[in-house]
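There are 2 protein chains.
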Amino acid sequence: MEIVIAKRAGFCFGVKRAVDMAFGEAQKKGRKVCTLGPIIHNPQVVEKLRLAGVEPVEDPVDADAVLIRTHGVPEHVMEDLKKRNIEIIDATCPFVKKAQYYAKLLRQEGYQVIILGDSEHPEVKGILSYAGDNAVVVNGNNLNMPRLKDRVGIVVQTTQPIEALRRAIDKLIQNVKELKVYNTICNSTALRLKETEEIANKVEVMIVVGGKNSANTKQLANLCRGLGKKTLHIEEVSELRKEMFDGIKSVGITAGASTPSWIIDEVVQWLQLLN
Amino acid sequence: MEIVIAKRAGFCFGVKRAVDMAFGEAQKKGRKVCTLGPIIHNPQVVEKLRLAGVEPVEDPVDADAVLIRTHGVPEHVMEDLKKRNIEIIDATCPFVKKAQYYAKLLRQEGYQVIILGDSEHPEVKGILSYAGDNAVVVNGNNLNMPRLKDRVGIVVQTTQPIEALRRAIDKLIQNVKELKVYNTICNSTALRLKETEEIANKVEVMIVVGGKNSANTKQLANLCRGLGKKTLHIEEVSELRKEMFDGIKSVGITAGASTPSWIIDEVVQWLQLLN
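Note that the protein sequences, when read in sequence, are chains A and B.
Heads up, the final residue of the first sequence is numbered 275 in this note's numbering, and it's a clean run with no missing numbers.
Heads up, the final residue of the second sequence is numbered 275 in this note's numbering, and it's a clean run with no missing numbers.
Treat the hints loosely; a few may be bogus.
One copy or two, either will do: identical chains are not told apart, so a pair holds if it fits within one copy or between any two.
Only pairs whose alpha carbons sit at most 27 Å apart, straight line, appear in this in silico DSSO-like list of lysine-lysine [to be verified]:
#, residue 1, residue 2
1, K16, K177
2, K177, K218
3, K82, K202
4, K194, K29
Honestly, the hints are just simulated from the structure, not real lab data.
One chain only, chain A, in its complex shape (with noise of 0.2 Å):
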C-alpha cells in the first residue's frame, strides 16, 4: 500500500511555539503552572500536560503562573489577569496577536470592525473584544451581513478560508464607501488545505488525525469529503481496523494544526505494519 504522508501535517508554528512553552514551563519546579481552558484542540496533548503537571482551569486561582493558550483571550481577561499577583505566560499565536491588534487600530482609527469567523471561536472572542462596541462577527458560511457604516474594517479570523474573505468582500464593497481589509489569514492553514487537496486527489482513502473538536481539522475532513474521497477523521491510531483497507492501493494522511507528530507517527507505523 502507497502511503502518502502530508508535509505540513501537524503543529503549525503557532502551535509548536504554545507547547513547547507549555512543557518548558512543566520542567521549573516549586510553582503551580496552569492553561487557561485547554492549550490547544486535542484531547492527547491536553492529558500529556496534565501528567506534567500543567492543568487545564477555567480560573487560575491557586497558580502561581498562568498560560494563555495560542487562542489568545479577550482584553478584559488580560487586563483582570495582570490586577492579580500571578504571573502571565503568553503563548497567544503572534498571527492571532496580530489580528487582535489589527481590530484595535481599525477601532482606534474609527472604522466599524468586522470578524469574519465562528462567533463561538475563542480566538474570534478575543479578537472582538479589542474591536469596539459596534464591531461584529460575520460567519464565513452563511454571511449575514448588519446594516453598516460607511467606513469599515475587516479582520479575519487564522484559520480561515480565502474564499470566505473574498465573498465577505463580494458583498461588503457595494454597500460601504471605505473599506480596510486586514488579510490575517495564517498561511499555514491554507497551504496545508492545498496540500491535502492535492493528496486526497492522488489516494483512495484519506486520513485526517486531529481532535474531534479542533476547526481546522474538522475543515480538513470536509475538504476531503467534498472531493467525493473516502474520508476517516481519527483522533487516535486506535480508532482504525483492518478492513478498513481492505483492497485499498493508496492512503494519504494529512493532520490539523493541534495534532502533535507523535500521533501521526502512530499511524504512520501501523499502516506500514498493514504492508
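Guided by the hints, dock chain B onto chain A, whose structure is given.
Frame of chain A, contents of chain B only:
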C-alpha cells in the same frame, strides 16, 4: 409605439454643475474664458459653449480665466496654472475630487496606490498624479496586476462598473496583507446602468444617446448589445431613419452622463412624430 425614457438619462450632478458654471462664465462680459480641453465628451455641448464664447484650448495662453472640466487635471497642471496670472474656475466633479483626495491620502499613509480604470482617460491621469511614484493604473477589463507591496490601497475611476472593482479585489486579496479600498464609483453611473438594463429587457429597440467618444455612453450601448438587444448609439436625432423602426412596437431611450437634455428631448419628439 411605446417610448420608455430612462429617468436617469443624461447629465449627472457633476456634469450639470460644470456646464452650468461654464455658461454662467460665458455671460460675464469683458474677459476671455476658456476650458482646458473639451468640457465634456459631447461635441454638441462643446460647440454650443464655443458659440457662447468659451473655447476649449490645450494651453490657456491668452485667456483671463480657465475652467477645469469635470474629469479634473493632474496635480502639476493645477500647480502650473496657479503660478500664472490667470483665474482658475474649478469645475472638477466633486466625486472625482474625492478620488484625487483619497489617492493622495493613501500615498501619504504609505500605501501603494492602485487606480482601477482606463489609463488613457483624463480622469484617471488626474487621479494618478496624486497617487505617488509607485502607483499603478489597472484596467478593469484585463486586470494585469503588477508586483505589489504588502500594503495596497485602491481608488476607482468614478464611472467603472462595480464588477470591475469586485474582480480586482478578488485578485488582490490573497497576495497582500493589507488592502484599503475607497469605493469611489459614482452611484449615478451604477444606477443609470441598472435602469438601462431594466428598460432594455422590456423593449424591442434601445436608443443610446451620447458622444461616440464618451466612455460611459459606450458602456451603456455595450450593456444593451450584450443583452442581445438591437441598439442604436447616436449623437444626434439626425442619425435616426424612419425605416429603423418599421414594425417596432417599443423603444427605450437612455443617455450618457454627458448628454444634454435638449438632445434627448429632440429624439423623443422625433419618435413621437412617427406614431
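Structure-based check of each hint:
no. : hint        : verdict
1   : K16 x K177  : between (41 Å within a copy, 23 Å between copies)
2   : K177 x K218 : between (36 Å within a copy, 26 Å between copies)
3   : K82 x K202  : neither (51 Å within a copy, 68 Å between copies)
4   : K194 x K29  : neither (43 Å within a copy, 71 Å between copies)
Comparing the model with each earlier hint shows violations of hints 3 and 4; every other hint is respected.
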